[in-house]
Every structure is written in structure tokens, then in C-alpha cells.
Amino acid sequence: MDTRTQEFVEYVQSGGQVEATDWMPDEYRARLIKFIEMHANSELMGVLPERDWILRAPTLQRKLALTAKIQDEVGHAQLIYRVVEDLGKPRSACLDDLVSGRSKFHNVFHYPTRTWGDVGVIAWLVDAAAIVSQKALLKCSYAPYARIMKKICWEESFHILHGRDVILTLVTGTQEQFELVQEALNRWWEPLMHFHGTPIPADDDPMLFWRIKSQANEDARQQFLDGYVPQIRELGLEIPDPALRKDEETGRWLYTEPDWERLRAVITGHGPASAERLAFRRLSRADVAWVERVVLAEAA
Amino acid sequence: MRRVFEVFRQERKGQPLQHAGSLVAPDERFAELYAREQYGRRQESAALWLVPREAVHEIGDFPDEFDLKYRRVDGYSIKERLREARERASSAEPAAEGAEGAG
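Those protein sequences? They're chains W and Z, same order as listed.
Take the first sequence: its letters are residues 1 to 300, numbered as in my numbering.
Take the second sequence: its letters are residues 301 to 403, numbered as in my numbering.
Treat the hints as calculated values from the structure; they're not laboratory data.
In this text, a Cβ means the ideal position worked out from N, Cα and C, and glycines have one as well.
There may be inaccurate statements among the hints.
[Unchecked claim] Here are the simulated distance ranges between beta carbons:
hint	chain 1	residue 1	chain 2	residue 2	range
1	Z	Glu-306	W	Trp-23	18 to 24 Å
2	Z	Val-351	W	Thr-256	52 to 58 Å
3	Z	Glu-380	W	Thr-198	51 to 57 Å
Please take these sequences and the hints and turn them into a complete structure.
Written out as C-alpha cells, the structure is:
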């Protein structure tokens, strides 16, 4: 590592932040692009499972709230792709790589939404898991990303509340409604445990080394469990992991080791809904290409 | 054509406009449309400034070759001398009383 890089590492490791126009090592730039691009992809792909339910939402109020949430997530994708563009990768290249499967998106968006219960569990728990990661990104060493995250976290808090509201309505409803939530929770528990990634030790995590992330994967998962296991259980819902309990001595949650091989398969495009979602994204990209042409022609 | 616009956002009236992010638009009209959509649709902003990136004149270095600390707060270290002055004042007190008693 040359002196300049060494100084850069010391700077970010002591809490220093970097702007788009500052010099940065190639590896740092490449890791930022890959990470932030995956985040933007996830926002964009994350609306598809919910989109399926706009027409089927149980009330007009739910339909409007769900539409607003979807609008937010697409807005986040816009903001985050801009950050990637300033790092040197154009948005069109990001979208090309997304639809051709060369880049990734988050594991939770590779699964189908079978019932309205899934929509509630996604808005409440998937968004809760996401906000744990996103709050940690407020301290990201790359300042433009950290600033954007502030606005995103603010909007996510509405999503969690919306999700909680959906869940509370269902668990206080009929037995059938309650079961919709329990079944959805059963389906989503493994993806939720996968969400924060493999428990890679902090010292071996290059994302922590560069201070792109400020929290180790396992710490994020522990924080999620700490915050949400009690909230899930107090509603009378059962978490489908008999081994899940908090070790009172260490304060850490113990759980059945998730199948990490399955996580790897899912995020490389072999999840139950991966192919369908990407096909839809390809289709809609081709469908709206004329809009870009018209806008650019009109503005010219 | 694609132009980059820097977006500055004011959260509430009276607060400073702070850099929030940027957007790409073919012209000012679309820039306004996108800015309203991306930074203002939830009443989260009191005002937005859109500045074409090429209009930003950045100054990022402020050399201080002579380390002119006397112009800053950190150029003054008064702790030691303040302690000394206080000690001197308190040890001088009996003398002052004496002077008063003599009067």
C-alpha cells in the first residue's frame, strides 16, 4: 500500500469523510460503486413484490399508502443511482447490469408475496431490518452517500409504521387474518435472518476496513433481533426457530444457523422469484425507453 | 443532453440551505420537476436551490503557512496564567484585610 493510500485509510478509519471530488484509492471507489449500486438495485427491485398488491390492497387507504411507499422506494433508487453516477458508473450501465444479472440486489426481493400478510411483514420487518443497516450507513466514510441516507431513513420510518399498522389490523382481526400473518412470518423468517449477511468477523470485512459500513453483519442482526423479537412475540406470533433465545449472560441472541448456501444461491439470481422479477424489469425498461427519447428530444 | 444539478435544501424557514444531493436533467424545466418529486413531495423542504454543477465555484484549500494562531481561539492558552493570577489574588487577601484594619 502506497503512502497516499495509507494516509487515506488512516483518515477514514479515524472518522474522516470523503467527498465526490476528493482523491480516493481505486479499490475504495470500486467497493463503493459495487455496494451502493446493489443498494440502488434493491430499492428498484424492492418495489416489485409490493407492486403486485396495489390492485389487491384491501381498502382504498391501504392502496394509497402502499402506492406512496412504492413511490418512496423508486425515489430512493433515483437518489442512490445518482451517487453511483458521480463515482463514475452511469445509471444506464447500472440498469444494463441489473437486467442482465451481472449485478446483485438484496436477498429479500427474490421472494414472492403470496398474501396480504406478506405485504405487512415486508413493510414492517424487512423495512425494520433495512433501517438497521441504513442507520449504520449514516456514518459512512463517503459523505454524499451518508447525506442521502439521512433522507432515506426519514422516509423509511413511515414505511415501518405503515407495516405495523397493517400487521396490527390483521392480528386483531379474525382467526384467518391472524394466520395470514403467522404464515407470512414463517415464510419470511429465513430471508430475514439472511438479510444482514454472513457473520463475517469485523477484522476481515473490507467494508468495515474502508469505513463504508460502520457495523459488522452479526451486530446488525443482533440489533434487529433485540428490537423486533419482543415486538413480534408480544402480538402472540410464533417465530419459527425453536432455538431462538437471548443468552442473558452475553446479551447475544442465539439462533439456528441459517442456510448460508441458500443465501448465496438466492442473491446470485436463483431465488424463487428472481427470474420473473428480472424479466419484468427488462420488459418495463424496454416499455418506457420511448419516454427517455421524447424527454431528451423535447429538451434539446 | 444531460446536465447535473446540485440540490440544496432548506428544511424549515430560517435554517441554512444545505447540500442534499444532485440530479440529472436535460434542462431547468425537468430539473425543477425532478427536484420537486425527489426532494419535496412530502413537505420535507421549505425551499430548494438548483445549481448547475458547472456554476459551482469550489474553493477547497485554505493554506496557513505562517500558522497565524493569534487570529483564532486556539491561539490563546490562558489556563495556566489564570490559575496563577487567582493564586496571587487569594494569597494577597490577608494583606488587604490588614490594610483595612489599620485604617
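Hints the structure fails to honour = none
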